[in-house]
Every structure is written in C-alpha cells, then in structure tokens.
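Number of protein chains: 2
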Amino acid sequence: MKRVVTLAALALTSAALAEEGMWTLNDFPAARVKQKYGFAPDKQWLDHVRLSSVRLAGGCSASLVSARGLVMTNHHCAHSCIEQLSTPKRDLVSAGLHAREPKEEVRCPEVEVNQLVEITDVTARITAATKGLSGKAFNDAQKSEMSKVEKECATSDAVRCDVVTLYRGGKYDLYKYRRYQDVRLVFAPELAIAFFGGDPDNFMFPRWDLDVAFLRVYEGGKPLQAGHFFRFSEAGPKGEELVFVSGHPGGTSRLLTVAQLEFERDLRLPRALLWLAEMRGYLTQFQTKSAEHKRIANTWLFGVENSLKALKGRHRALLGRTLIEHRAAEEKSLEAKVQADPKLKEAYGDAWPTIAGALERHRPIYVRHQMLEGARAFLSEQAGVARTLVRAADELSKKNEERLREYADSKLPALKQGLFSPAPIYDELEAATLTFSLTKLREELGPDDPIVRKVLGDRSPAELARLLVKGTRLKEVKVRKALFDGGKKAIEASADPMIKLMREIDAEARAVRAKYEDEVEAPLKLGGEKLARAMFEVYGTSIYPDATFTLRLSYGQVKGWTEEGREVAPFTDFAGLFRRATGREPFALPRSWLSAKDRLNPESRLDFAASTDIIGGNSGSPVVNKDAEVVGLVFDGNIHSLGGDYGFDESLNRTVAVHSQAILEALEKVYGARRVLEELRPPAGPKAGAP
Amino acid sequence: MKRVVTLAALALTSAALAEEGMWTLNDFPAARVKQKYGFAPDKQWLDHVRLSSVRLAGGCSASLVSARGLVMTNHHCAHSCIEQLSTPKRDLVSAGLHAREPKEEVRCPEVEVNQLVEITDVTARITAATKGLSGKAFNDAQKSEMSKVEKECATSDAVRCDVVTLYRGGKYDLYKYRRYQDVRLVFAPELAIAFFGGDPDNFMFPRWDLDVAFLRVYEGGKPLQAGHFFRFSEAGPKGEELVFVSGHPGGTSRLLTVAQLEFERDLRLPRALLWLAEMRGYLTQFQTKSAEHKRIANTWLFGVENSLKALKGRHRALLGRTLIEHRAAEEKSLEAKVQADPKLKEAYGDAWPTIAGALERHRPIYVRHQMLEGARAFLSEQAGVARTLVRAADELSKKNEERLREYADSKLPALKQGLFSPAPIYDELEAATLTFSLTKLREELGPDDPIVRKVLGDRSPAELARLLVKGTRLKEVKVRKALFDGGKKAIEASADPMIKLMREIDAEARAVRAKYEDEVEAPLKLGGEKLARAMFEVYGTSIYPDATFTLRLSYGQVKGWTEEGREVAPFTDFAGLFRRATGREPFALPRSWLSAKDRLNPESRLDFAASTDIIGGNSGSPVVNKDAEVVGLVFDGNIHSLGGDYGFDESLNRTVAVHSQAILEALEKVYGARRVLEELRPPAGPKAGAP
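Those protein sequences? They're chains A and B, same order as listed. Read in order, the letters of the first sequence are residues 1 to 691 in the numbering used here. Read in order, the letters of the second sequence are residues 1 to 691 in the numbering used here.
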C-alpha cells in the first residue's frame, strides 16, 4: 500500500473526487457523482436500490432479483446453510443444488434476511440520556436508552430495529428492517467452481469464480411478493462504466486514533493471526482423517483461512509506515485546531487522552476478556448454546432495558432462530475445537489460574472436551427448548455438563465483561463521540461514517490497475478458467463444467474488478449500473483492498465481482437452471437501454 | 520487560556491576567479579572450566562430568537421539533408559561433541583479505579466506576449526575444537519427568523438571579418558551464592541497529510466528491419529512449540516501546559522536545507511530466499539429504575456498555424519511436513510463479508429497553413499524423485542465495564491522560480543525475583512436584516416580533460578560454583529471559536449572542408576569444601 487517502485528507482536499466512501443512503453525495460521471441518483433511484438490497443477518449482503422473492448472494455466504442441509450421503457443498420444483426449496436453518425500510435520526434522544455521565453510568444509560428505542420500534417479530452508532458516536440512527426468517435454498453451484482457486486465489485478481447462490424469501409459507427488486443486465458492464455497490460493509477503522491503530497493530492483530494460523494447521490435519472429517470441517476451515488472509493484509497495511504516519499527521492537525480554540478545547480536548487511557486499561484484561466472555476458551456449538441458555435464564427475568444488550426484546427473534436451529452438530468437530480452545485457555491464563483449575480440575483439555461432548444433550432442539422455557429453575437443576460448565464460569465471565464495558468501552465511546463532534465542527459533515454492517452505497468504475509497471486487466473470461484448471483441488473443475465446455462461449466474461470502496460484509452485494440493473455480484476484494479497513487507495483497491453475463451463461449452459433463469429474464426480455 | 539495560548503556555507566554478559573465556572480566563477590577466576580455573565444558554441535551445551567421558546435558538436548534409538515397540522417549552395562550404551546417530582447545585471533588476516572490497567481492574474499584458515587448522577429522565473527565483525577468532562423533546414550529419564509441565510450563518458573540426560564420549571404541571434568556438588548451591554458567549461547541481537530490530519486529518474527503456529496446529492433530503418529512427531512438535513460545517472548520485548526507544537513543548518541569527529566520520559514518540499505534489499527477496534456499518449501529429512547430495556433487569438484561455506573441507566431517546417519525416517511424517511446506510454497509465491509451476505442475501439494516419499530411496544410507561417492555423474543420472526435484530447483535457489549474499549479507557485514569498530573507538573494548554458539561464561547469583509485588522464591522441591501432579499429561508423573515417592526426601531441592545471563543454546550448560563443581544444570530461562535476545534485565531475567541434589537423589532413589552415580560420586566422596 503505497498511497493512502484517508477520510480526513479527503475532507481537506479540494480535489475531493476520489471514489472513496461507503455512504449511507440518506446522505449520498449525488452531486459529487454527477460532477464526475454526469449522473446523479435521485431519491426514487436510491429508494428503489435500498428496497431491492437486503442483508443476511449472519454477516453478508444480498439482493432481491425477482418479483417472487428470489435473492442473490454469494455461494460463500450461503455455504453454512448448504452444509447444514447436507448429509454424509448427500454433500450439497461439493455436488451443488438446483431446486427443480418449488417443493425442493428447503429452508435454511439459520438465515435471516433484513430489508431496510426506514432510517430515523435518534441522536438527540440517545445523547440526552447520557448527558454528563461517564464510565459505567454512561454505558448503562446509553444501552438502556437504545433498548427502549428499539423496543418501541419493533412492534412485531417481523420488524427488526437497531440503533446504529455512526461516526463513532457523532450520530445515532434507528434502522428499521422488515425481517424474514423463512429463507430457502434454490440454487448453488459446486464449491469447486464457486471457490475455484481456493485459498491461494482468495483476495486475488485476475480470478475465475462463480461465487453465486440463490435463495428465496418466503412469507406466510409462500414466495414473497417483492415490491422492489433488481433487474438483471444480460450484457453486464463495459470497461470504465460507472457502477454502484449497494451492500452492508461490516466494519472499518478509518476514524480510529493512532493509539487505537497501534493497539490493533501490536496486540489485537498479532494475537488473532496466531490463533487463526494454529487453527488452520489443526483443521487441515483434522480434515485428512476421513472424507467425513473433511466435509464437516469445510465451513470452519474456509472461515479461518479467509480471516487469516484478510487480517494478514490488514496487518501488513499497519506495518507499512506510511499509513500510521499519515494518520498521525492528520490527528496532530485536528488536535492543534481543537487546542487552539478555547470552546473546542473545553468540549473535546480530552478526547485523545480518554481514548489512550481506555486502551491502557484494556491491555491487562484483553486476554481474559477474550477467553471467558468472548468464549475463545469454549469453542463449540453446544457450549455457545449453553452460554445463551444460562444467560437467558438470568436476563429474561429482568426488565428489557436492564438486560445485556443481546437479550433485549428487540434481539430475541434472531437469538431464538440460532438457539433453536436444527442444523446438524458433529461430535468429532465439537470435541476437536473444544480441545483446541481449552488448551488455549490453559496456555493463555496459565495452569495455575483459579478459573483454569476450576474448569479443568485434574483433567486434560482433550479429556474434558470428550466428557462434555459425550455427556451433553444440547444437540437436541427439544432439550434446548425445555431449558429455555424452564428458565432459571430448569437451568439450576440441569445436570447437563455443558450447562454446568457455563453456569460455573458465568460469574467470572460477567465480571471481566463488566470491567471491560465500564473501564474500556465506555471511555472509548465517550472519547469517540467527542472526536466525531470535533471533526464535524472543524471539517463539516461531508464525510462518511465508518462501516457498521448497515446499508451503504459505493460508486466507482469497472477498471483494473497498474502494479509494478504491469497492467492488470479488468475482466477475465471462460477460456481463462479452462486454461487454469489442473484437475486438482482447488483448481479442479466440476464435471458439469468439463462436459459443458464446448457449449460455453470462451469469450464470455467471468469476473471483473471495479474501483468501488468495499470491505468484508459486502460479499453478496449487487453491482448495479445507473439503470439499477444487476451487472455483477461482489464476492471479494483484491489483495490491496485488505488495507481498506484503514484507508482507501483508489489506484490499487479493487472490488472483485462475478459478471452478470457469466451467471446467466452458467445457469443456462452448465446447469440448465430454467426456473432461476426465467425469473432473472422475465418475459419482457432484457430491458431496453442495457449496454 | 520494564527495564532494559543494554550493552552500550552498560559501557556508559560507571556502576557497571550488572550481571549482564556472555563473556568469551579469553576475555573474562575477572576483576569485575572480584569487586562484587571477592572471587576472581584465574587462568587455571578458566582453562579447567573451558576444557570440562563441551558443545553438542547440533545446538546445545553440555559438560564432562567423569574421568570416563560421561557427558551431562538436558534430556531435551538428547531428545532426538533418544527418539532415533526408539522403535514403535520400544519407545525410549516415554520409557526412559539406563544402560546397566557398557554394551547397552548405544551410539547416537547424529551427535557430535566439541571441546574447545584453542582460540587464536585471526582478525588481521581476515580483514586484510577484504580490504577495500564491498558487495560480492567482499563476501567472496572473506569466505574464501575463512575456508583457507579453517583448512590449515583442521589437520584431521578429529579437529574442528571455525572462524568466528565476534562483535559483528569487530573481531575474528579461530576456534579450534577436539571433535568426537562416537557419542553414546547412557541414561535418560522418562519424558514425563524431564519435561513435566510440558509446553504450559515451558519458560516458566517455579518449575519441577528433571531435564537431564547422560551421554558418553568414546574414542577409538573406548570411553574417553577425560583430562578435565567437573566434579559434582552433593549439596548444590545456597541462596544468593555466586554461580557461573559455562555454555554455548546460540545467538543474541544486542548489537543490532534500530533498523535491524524493526526488521525483526515487523517482518522476520511475525512471519516465523505464523509459520510456527500453523505447524503447531498441524502436528497436534497429526499426533491424534495413532500412538505411532504421536511418537514419531514428538521431537518435531517439541521443537515447534519451544520456538513458538521463545519467539513470542522476543516479539513481545520488541513490541514494548521501551527497548527500541532506548536503543534508538544509544544509537543516536553513538552516531552523533561519529559524525562529530572527521576521522570517525570518514571511517564509519556510512555504517547506518549501509545497513538500512541492505535491509531494504532484503525485504523483496525475503520470502523467496527463505522458501527456496532456506528450504522452507521442502520440509523433509530426505529432501534435505537430496539437497546436500545435489550440492555436494557440484561443490566438491571445486577448490576448497571457492565452495559454498558449508561444503568447505573443514565442514565435511559434520556434514557426512548427518548425511549418512542411520536415524529412522518416517514416511507419514515426511509426507505430512512436505505437504505442509509445498502448500506454503504455493501460498507464498503464488500459484502462477514459474518455480511453483515447475515444482507442482498440475499436482496438488499433497499429491506431489506422496509421490516423492513413495518414490525416493534416500531412506537407505547405502543409496546416499553411492550418490555421494558417484559425484556429479551419479546425481545427473539419478531418477530418484527427491534428487530430481532438488536438481531442478537448484539454479533458482542458488540465484536467490547469491542475490541475498551479495546485496544483503555483504553490506550487513561491512556495516556491522564499521559499527563495531566505531564502538570500540568510542567506548573501548570492555563489552562482550553477541552470542555466536561459542563458549561463553556468565556469572550471577542463585536468586528469585519480584513480580508485580509478588516474590518468586529461587528453589522448588520434590514435595511441590507431587502436589502439582494431576495424573494427566503434561502433569502426569511416570510410574517410577509414583512408586518412589515414599523413598524421596520431600524437602530435596529440585529446580532453581539464577541471575546468570543466558539464551537458547545454553541448554545443557553446567552451573558451577567457585570450586568449579557442578551445582546445577541449565535447562531453561524464565519468561522474562526471552527478551534477552535484545537486552538483559537483571531484575527479572533468570536462568532456570535442575539442582545437583535432585539429579543425585533421582538417580539413586528413583532409578537405582548405580553406574552413573558411581561416576558422579567418585570413591573419594564429595570434595571437601562443598557447602
């Protein structure tokens, strides 16, 4: 990463035409787009795009692409559903799936789709509740007010309401969604083509993946009648064409202070990377034990490798000196302006020491917090279920606004979907991940720490893991339901070893969480709010907030880049795919593709790159043209985009997407997926005006 | 690490009585020891200690402890020999071994013992050879001269001669050793007590390990008649007693520039750590496949976990700001003095930019160099053998001083011992480590790199690894011998797939090595030489050189330390061991100990801590008192000592050693190892004057 253009720099420069920015849809810089491309999205266009875009609550983006509730997303976003619907005898991950009639569309156990219907500014109400407070009082008051606001908004389980913290507390908006939990799997290609090139090619471009899957939203047991959806472009985009990405970037750190960036660089990222690397080695060998071991650990391993590569890229960006030095200069300039103005100084002058102090208090509890409260020590589906059951018994007996935030009334529908999911749980994998994480508990806190002694006693991590997995009955949904409905009494009476373990460590876990929230989180929020307000006062509000896994719109062009004097072209084609195939994983094409080779147009475009600003969470986002037609499907960023967490470099950062032409061509000629095609190409034919 | 006292600081302060320093035996600061402790080692004492100390050429320290060539070292230093002498049916690692008669003493396939007999200053000769040169010419001239000097010295295979670079080139000394390659295993306890506490307790104190093993040096097929050896102290040391550690610290980085430390912190260490973490996870799961998988991977996993923990500690030391900030201040001060004096400026002024420039050229080739030349891409015993055979065929046809340094005549005895070792090689482990490393090759250089394509072709890493392991015959020592003796012709004609692979990549590997040596190594040496000379001129020579895996003497006291207000006592005892035992690995005591419990004195001391300055490579060093009696056996450092690579903090850094009392007590009461005991307690009884 050679050149870093960051937010503040953008606000300061007059040539502010960089494509940087993940903009909220109620504050989109239409004029700026118009100035550069001669096209300004109007309110109608933005509303249509917003209502056609959806979020997969588990962490991805998606879009409605037919009047009958067809939803397009990435294969890797639907991967866990595809795995959950598989059996040892019918592995849909490797075989793919195409529902040839409606009854073959099977419900995903854990997918929730959210459609953003309204945004309301609630800044005044939230800040009034915390006025003059700090530490625990600040935190309690803020969380309580947020839970209240959300409960008033969420009038039924079909409505989801989240108070979203923007600009690190500069603004609070209430996001109201239509919630759909009956979502069914319609089409998925084989993993081998969806993730062709595997980990070696991940975050790389050129690329040759068909990372697509189709789901369908049901309402009242019937396909959703979608009022808004994106039409499909047959031709896809041309080089240099203006495109938009409408999706849900998960999070960025572009407004962090230098102290926070150093915390990331020196503590959080190195620790996370080592954990991921070890887990990767562990799962890689686990997978060699049998075909079934391979199958059941695939989703896990993909997640681990994906995070590992992504965080490596982020870490590299922070280790390069330019980024932090640049940010330090910006920070110094802002701080000087604040200190020079008595009013600003009085209001915001202590923002930096407040944040730095919080980080100093974070360091000594970082590991303990992560292990006990972050559940890094108890890595298993069933341990997670046990934690939720134990906590729900306590929390649900409290008033809504006094609960831990994740047990507030407005959060319960999502919590229950996960808790009562019938998705399969595999003993072998549970025991392996528990052994790994209990070993880490002992390693990180030391064998003599009282909580480690309490958890392990005389047992080894492997021995305890086996006892827990063998003894628990939490795999059965009805057992979970009984414990949930039975409340505190049922939990206290339970002899289930997972429940017992989570019960025994709960006080310690809550204690370190409270310490973290009161002494770290609260001052970070308070400091963040002050910083944001200082920035607004000094630079105005023409900046976008850090990503928060809420709907954002980016714009840019279809284009490649230049790297060490070498041009990277923006498109790949089918011919390139066949040239690259070796017959061996992860470069092995599925049989369907090998036998369709002669029917396919070798010049058909497969993937493309664009200069839109995206980040993790944007996976599954539609790429649309100015006619709001789908021209592509975001599934990745290039290697340079990994530093995008901290700053956007227009010359190098690229979105990587599947070309709309490739999707149509493959559905037709490889899969004969007529049902899906008919919905994507409604009888009227391709809309006039498509390029 | 709160306080860092570094070399230059030491040289600058008048209160230079810190116990810091790994001193060469021909330049020991006896006066300083006398000033503090009233005892000054004289020449006779130093010569006796030098000749009683030995090195295990593979990377550990040891000592002669009887007139019949008995050698004491750590179990973990003899671990690979113990494993190599084991079979699936007779696992000496877990069962331990005690040779009850001479014929039960079996030869270790790969152990070489070196006894330092002479040190000669050859600085003038080496520097004369490189005068006025730089880059490749400098490097070639220096290496050639070193090979010449060594060859002249090494008059037979029983003599080993190494030119040692001290003070980064401030001084070159010729170290002449007596070399012994017939070394046999005499006694080893069970791994469970040698490494009680396992990885969780590694680098920790208090500690309860009996990390000891005894070997015997043979000469002409008979036990060596040792002219010098250490007597054993029955009582061991008292608290606060003055003690010495005589051993072979492997390497330190206390003379590196800030630029070099940042290179360590931001590139070398993070990369090494991720590699080790992944390998650890990989081997951990590999071991769960069967008891035999566990056995054959034990040594590997121990090495990986040990390095991982050690490097984590080092990285932590560099991430803390104090150390680098302190070093930067020292560097600035030295540089200012150099720049202020025209003569110094002319001679040494470009040392810093020379070093910084070398690092900049290192970065872009770092990974390729490590993969291809460092053989990180081809991790297997047999691939290593193949590399040596392929290279030997080329190199041995050249004149001695034109060869790659590791093929110089003086290096051949050690090379041949490794090459023709009959130690067992395990296909399963070979295939696993090769798969791992070939996957890394593809990951690091990318699937489209020509060398990756050349190596893998269409095959997956796992597939190629299986083909190589299945096809090679290099497991057979006679095949290796034939290829070695057959020279270039035999190598070129060989169809062995490992030989073929190493042949095919050799040009590429040599190319990146040459680039590294000419453009990185040479300027680093040149810059290092200049820096060292500048330091000598500014501060005088009362400083010790960085460790170089040559004999050094440290001094200090038996003592604990204070940590966050808590006192850590210097001794542990047998009672503590039994209290800590859980019956589960790695806290499970072997049966021999459980049944000997009543016979053992619970108050007998087991391990202790001392303030001597050590580092990796010191494992196996004797701790001796001023009567030159063994009072302990170094086997570890505490967690703070891990930062010792960069600086020594007398208040926290501690050596961890087995107490001599514990060794005698265990040999007698747990193992009934009379043969060994009789040698350690010669008829005359304990020497008078022992405390």
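FYI, nobody ran anything at the bench for these hints, they're computed from the structure. Some hints could be false.
Label pairs and their computed distance ranges (CB to CB) [said to hold, decoys possible]:
hint	chain 1	residue 1	chain 2	residue 2	range
1	B	E563	A	V106	41 to 51 Å
2	B	E563	A	D350	29 to 39 Å
3	A	K332	B	P353	22 to 32 Å
4	B	R321	A	E567	39 to 49 Å
Derived pair list, reagent style SDA-like, types lysine to any residue, alpha-carbon separation capped at 25 Å [unchecked claim]:
hint	chain 1	residue 1	chain 2	residue 2
5	A	K626	A	R566
6	A	K294	B	L242
7	A	K309	B	P364
8	A	K289	B	L269
9	A	K312	B	R265
10	A	K309	A	G320
11	A	K289	B	T299
12	B	K332	A	I324
13	B	K289	A	E292
14	B	K289	A	E585
15	B	K332	A	R675
16	A	K440	B	D485
17	A	K626	A	G239
18	B	K626	B	R100
19	A	K289	B	T155
20	B	K294	A	E262
21	B	K294	A	E19
22	A	K626	A	L242
23	B	K440	A	R295
24	B	K34	B	K626
25	B	K481	B	E428
26	B	K34	B	L242
27	A	K481	A	R566
28	A	K312	B	L242
29	A	K488	A	R405
30	B	K411	B	R580
31	A	K309	B	L456
32	B	K515	A	K343
33	A	K440	B	N306
34	B	K454	A	G198
35	A	K238	A	P602
36	A	K312	B	K312
Bear in mind the structure is a predicted one, so any value in this text is a computation, not a measurement. By construction, the Cβ of each residue, glycine as well, lies at the ideal position given by its N, Cα and C atoms.
* To do: Take the C-alpha atoms of K626 of chain A and L242 of chain A, compute the straight-line distance between them, and say whether it is at most 25 Å.
  => Given that 25 Å is the threshold and the Cα spacing comes to 7 Å, the pair holds.
* Does the structure keep K481 of chain B and E428 of chain B at a Cα separation of 25 Å or less? -> OK: K481 of chain B and E428 of chain B at ~24 Å, within 25 Å.
* **Pairwise hint evaluation, R566 of chain A against K481 of chain A, where the allowed Cα distance is 25 Å at most** => violated (59 Å)
* Keeping to a limit of 25 Å between CA atoms, is the pair of K289 of chain B and E292 of chain A held or broken? -> holds (15 Å)
* Would the pair K34 of chain B and L242 of chain B pass a check requiring their Cα atoms to be no farther apart than 25 Å? -> holds (11 Å)
* To do: Take the C-alpha atoms of K289 of chain A and L269 of chain B, compute the straight-line distance between them, and say whether it is at most 25 Å.
  => This hinted pair is violated, its Cα atoms lying about 32 Å apart.
* Take the C-alpha atoms of K34 of chain B and K626 of chain B, compute the straight-line distance between them, and say whether it is at most 25 Å. => holds (11 Å)
* Holds or violated: K332 of chain B with I324 of chain A, Cα cutoff 25 Å? -> holds (23 Å)
* Are the Cα positions of K294 of chain A and L242 of chain B separated by 25 Å at most? -> violated (58 Å)
* Range agreement (Cβ of V106 of chain A with Cβ of E563 of chain B, hint 41 to 51 Å) -> Check failed, 58 Å falls outside 41 to 51 Å.
* Asked: Does K312 of chain A pair with L242 of chain B here, judged by a C-alpha cut-off of 25 Å?
  -> Outside the cut-off at roughly 48 Å; violated.
* **Agreement of K626 of chain B and R100 of chain B with the hint, judged by alpha carbon distance not exceeding 25 Å** => Cα-Cα ~33 Å, so violated.
Checked against the numbered hints above, the structure breaks hints 1, 5, 6, 8, 15, 16, 18, 19, 20, 21, 27, 28, 30 and 32 and satisfies the rest.
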